Every structure is written in structure tokens, then in C-alpha cells.
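> Residue numbers (the numbering used here), protein chains in the order written: chain A, 1 to 258; chain B, 259 to 616.
Don't read these hints as lab results, they were simulated from the structure.
No experiment lies behind these values; they were computed from the predicted model shown.
Errors might be hidden in some of the hints.
Said to hold, decoys possible - Computed, partial: chain A to chain B, Cβ under 10 Å:
#, residue
1, Ala85
2, Gln89
3, Ile132
4, Thr172
To be verified - Have a look at the derived ranges for each label pair, beta carbon to beta carbon:
#, chain 1, residue 1, chain 2, residue 2, range
5, A, Gly95, B, Leu588, 46 to 54 Å
6, A, Glu192, B, Pro374, 44 to 52 Å
7, A, Arg58, B, Asn406, 48 to 56 Å
8, B, Phe596, A, Gly220, 52 to 60 Å
9, B, Leu378, A, Gly114, 54 to 62 Å
10, A, Phe17, B, Asn402, 51 to 59 Å
11, A, Ile249, B, Pro374, 50 to 58 Å
Even for Gly, the Cβ is constructed at its ideal location relative to N, Cα and C.
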Amino acid sequence: MSAHQVLLEAHEVAKHFGGVKALHDVSLTIRRGEIYGLIGPNGAGKTTFFNCLTGLYRNESGHFVFDGVKLAADAPHKAAEIGIARTFQNIRLFGNMTAIENVMVGRHLRTRAGVFGAISRNAATRAEEAAIARRAEELLHYVGIQERAHDYARHLSYGDQRRLEIARALATEPKLLALDEPAAGMNGTETEALRLLVEGICRDGVTVLLIEHDVKLVMGLCGRVAVLDYGEKICEDVPAVVQKDPRVIEAYLGGSVA
Amino acid sequence: MNGQRRRIPLWQGHWLGLVLLAATLFAVPFVAALGGQAWVRIANFAILYVFLALGLNIVVGYAGLLDLGYVAFYAVGAYAYALLASPHFGIHLPFWVILPFGAGLACFFGVVLGAPTLKLRGDYLAIVTLGFGEIIRIFMNNLNAPINITNGAQGITLIDPIRIGDFSFSQTSTIFGVTLSGPQKYYFLLVALAILVIMVNMRLQDSRIGRAWQAIREDEVAAKACGINTRNIKLLAFAMGASFGGIAGGVFAAMQGFVSPESFSLMESITILSMVVLGGMGHIPGVILGAVLLTGLPEALRYGIEPLQKAAFGRMIIDPESLRMLVFGLALVLVMRFRPAGLWPSSLRRRELSETTD
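Next up, chain A with everything else stripped away, as it sits in the complex (with noise of 0.2 Å):
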């Protein structure tokens, strides 16, 4: 595997919190434009490991490397900067802002106007605006919520939010989208349609490090599989693999396997 098609890498990384080990060591490597799959019981790690890697939480030891570059720790505005966007497990969009502004935040990091281009409203600032909403009808469209532009974040669909959420994500022009169990509490139809989408977005040229508890959804969509348990990969392979390796089937199941 040459370098170029690395785009993320995963140094031992350590988390703890007290006596609890969250992560330990974990290293694993995302290539580009692949979507890369991150499962394990409730309380593995998986969405610790996800903090550590988009600056809200600051690892023990261990670091990142991403797309060449070494992450800096507990800085969560610049691992979006650097091409990082996430989602959350429980969604937090912003409730009180419209869909469509909710998209127009996303924007932020890659528009430029400042407290005196938004008073005197010059041309420039105009036409960043301009631009901003467009990019963020676009986006809205995208993942198929564009009728509710302007309905509040809160006022969506479960499924709808978690549509909005990817679609702001997305406006931060990411290399890397990590969703974080994007089809919880989703019924069968919108999960495919989840599926669908997040295919899309891989063919759109963003790799996409999903961690799932739905095993039919992951087992379809992604080309590689890590297992986290207590904190530790103990497994990472092609999805047919991994599903047959017996430590994974023990962390699922529990306790020795007649």
C-alpha cells in the first residue's frame, strides 16, 4: 500500500478515563475512498475513539495521521479545517436555526467575511453569502431534505435530521466523514436509503468511517471492518471475515462458544 492512498492513520492510540481504559493502543489505517467500518459491543470505544480523532477528547499517548499531515490534540475547529467531519450518535444539529442554515454553519470554515464585511455588506461579502446559500440548497438536495429548507432543525423527521446532519458535515468539504451510528432508531426503508446515500457520498470522492451497530447495514456497505472491544481492535478485515472470526463472535455473544 503506498502512501498517497493512506488517508488515515491511527498511532496506538490510548484513552483513559480514571481507571478506565476506553482505548488501549488501538492503530488502524482508512485508505482513500474507501468506507471503513467500526464496530463492537456497547462501551468498546468506538465513539471515544471518534472524539479522540476529531479533537474533543485529548488521547494519552498515541496520535493521528492524517492525510500526511499529524493531528494536533483537543483542537476540534482544526481537524474539521484539515478535512475531518463528523456526526453524532445522539444528534446535535442546531435546533433553533433553520435546515437550511444549519447547512450554511458548515460553510463557515471555508468562507472568509468578518464582523466589517457583514456591517458594511459589501460586494464581496454578497457574494460569499450568495454563494453560501447556494452551496447549501445544493447540499440539501443532496441528501433529499430540500423541501425543508426552512423548517427549524428541531421541527424534522428523526430519519431527516440525521440527513441534515450529514448534509452540514458534507458543507465543511470534508476528506474524511465519520459517521457516528448514522442509522439508529431508523426503520428498514430509511436505513436503505441511508445506504444509498452514504454510497453515494464515497463515490463522490469522501471516505467514509462509519461505526454502526446495524451488522446487515455495515456488513453491506463497507470494504474493510475493525472490532473494538474493551478498548481494544481485536479484529480488522473484509466484512466476510471478520463476521466468521470467532474472538469477534465471542465479544458479541459473550462468554465461550459451544
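Dock chain B against chain A, hints included.
For chain B alone, kept in the frame of chain A given last:
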């Protein structure tokens, strides 16, 4: 319920209303003068408070940072003007130098206050900002020794009025055949400043920066994940709000001709915050209404209650000043009980609260 929100420019389809509003604003100082110059001064203070409340609205209403020490920036602006345009140091700079300087100085203090409080939220932020407000006031009170800078509790007197060439805002003069008293001239100056702050508020609300503030108010973690440098954007909110406080302070000093630490008590911060909350946080017309009501009503009460008591009982039973605070408190309690989103909230916040109580 369908939460549609469309953006309509304020003036669109409302030009008749705007003409009426302009006519009313123009008539106010002349009508008020019929009852004496004191009433013009009350109108001036109402507009000064509109200015202050809209400055605070940026910090509290947009960015959601509960600031209980806002009066500190008002004080910084006022003392900056007082020290640079009075016989106290013998410096007499023109207002167009001091007002921007005062705004800049207040802005600097806004950042100084903001920096250590960045990780604090809600109640904790309120307590730190409250402390900051008190520190500034106590400094003003005690900076008269060993070097007399602020003249302590006596305050600074004989502050220059705002003057453009020979045209002084403190004297009566005739313009285009209309005789204007000092307070009337300040009224028009204040209206112009208020229009400026309203415009800035409106434009910021619908901008990249304004959206970033609202995002931080809604969910700081999500805002960070969207790539917003929350530290800088929060400091910007403090700095913007503080600058407006500084300008208001400068105009206050020039208008009164006198400043003392007494004018910048905690009560003043709470009053300004009450205006924002009572009127409708984050909603410009609501904040304006709150400011006008909370300045106007107590004054009207003070002037109305004295003759009323004399007529009813033949003597003064309750001091109007203490009654004023009583009514003030009662009004706050009643509004929070019956209109928790404020008297004139944006359609959004009204819905938000009605849903949680349903």
C-alpha cells in the same frame, strides 16, 4: 406545527409604517418638551438604554453568553470620555477622537474579560462577569490615590459637551428656524446612534459571524465540530457588545457633564439585562420595547405617583424611589409568569417555550 421562517427586509411593504415611525421619533422631543426639559432627558435615556440593550443583545441574545457585568464597559467608555474632555487633567479632545477611543478601550476590556471566561457557561459565566463589573466600579471609586486618576467617589465634573466646531450640544440654538434645547439636540444624536446599532444588529444576525454565534448558543460542541473556532468567535461577541457599551458610556458622560462610580452599579447591569430578557432575547424590536418600557415606566411612575399620593392622602406615604423598585420587580415577575419569552419575542422563541410547557 410547521416552523416556516422567511426573511423579509424590514422596510418591505412597511414604508407607511416607517414614515409614521420617523414622524413619531421626530415629534417626541417637541411633545416631551411641553412637559419640561426633564421629559426630553427621560426620552434621551430611553434611547441610550435602547443602545445599551442592543449592544448586550449581541452577547446574550445572539451568542447566548450570560453577561452580568455589561455596565463595566459602559463605565470604561464614560470615564474615557470624562478624563479626556474635562478640566480634571486639563485635556480637551474632540468627541470624534474620544468616542472611537472609548469604544476601542471598552472592546479591549471586553476581550480581557472574555478570555478567562471562555470555558465557562451559564451561571458560572454570569458570576465571573458580575465580579468583573464590580471590579471596574470599585477601581473607579478608589483610583484617586496615590495618583488622582478618577477623582474617587466625587466623580468627574464639568465634562465637555459634544461639540462640532462652534455648535455645542449643550446649549440652545436655532437651526432652520427651529429652536432646539440641549437635550433635544442630544435626542437626535442618540436616535442616529440607535439607528446605527439597530442596523449593525440586523446585519450581524444574518451574516456568517451571526450564524456562528447562534450555532455556539445552540450547541457549542457541534459548532466546534463544524470548524468554528469558538474561542475567537466568542471573544468577538464580547468585543462587539463591549464596544457599543463604550460608545454609550461616552455619550452618557458628554450628555450629563458628570460621571461618578455610582452610575455604574450592579443594578445598572441587571436593568440592562432585564430590558433584553423582558423585551424578548435576540429579537431586535422586543429589546427596543424592553428598553423603552423599563426606562419610561419608572420615570412616569415617579412623576405620577407623587401628585397621586398627595391627592389621595394629603401627604407622601411611600417614597416614589422605593415604589419604583417595587413596581420594577413586580413587572419582571408578572412578565416571566405570563409571557416567559418576553413581551415581544421572535416567533421562534415563543414557539420554543409554548412547546415545552404544553
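> With reference to the structure, classify each hint as holding or not holding.
Do the hints match the structure? See the list:
no.: 1; hint: Ala85; result: holds (8 Å)
no.: 2; hint: Gln89; result: violated (12 Å)
no.: 3; hint: Ile132; result: holds (7 Å)
no.: 4; hint: Thr172; result: holds (5 Å)
no.: 5; hint: Gly95/A x Leu588/B: 46 to 54 Å; result: violated (33 Å)
no.: 6; hint: Glu192/A x Pro374/B: 44 to 52 Å; result: holds (51 Å)
no.: 7; hint: Arg58/A x Asn406/B: 48 to 56 Å; result: holds (50 Å)
no.: 8; hint: Phe596/B x Gly220/A: 52 to 60 Å; result: holds (55 Å)
no.: 9; hint: Leu378/B x Gly114/A: 54 to 62 Å; result: violated (25 Å)
no.: 10; hint: Phe17/A x Asn402/B: 51 to 59 Å; result: holds (53 Å)
no.: 11; hint: Ile249/A x Pro374/B: 50 to 58 Å; result: holds (53 Å)
Comparing the model with each numbered hint stated earlier shows that hints 2, 5 and 9 do not hold.
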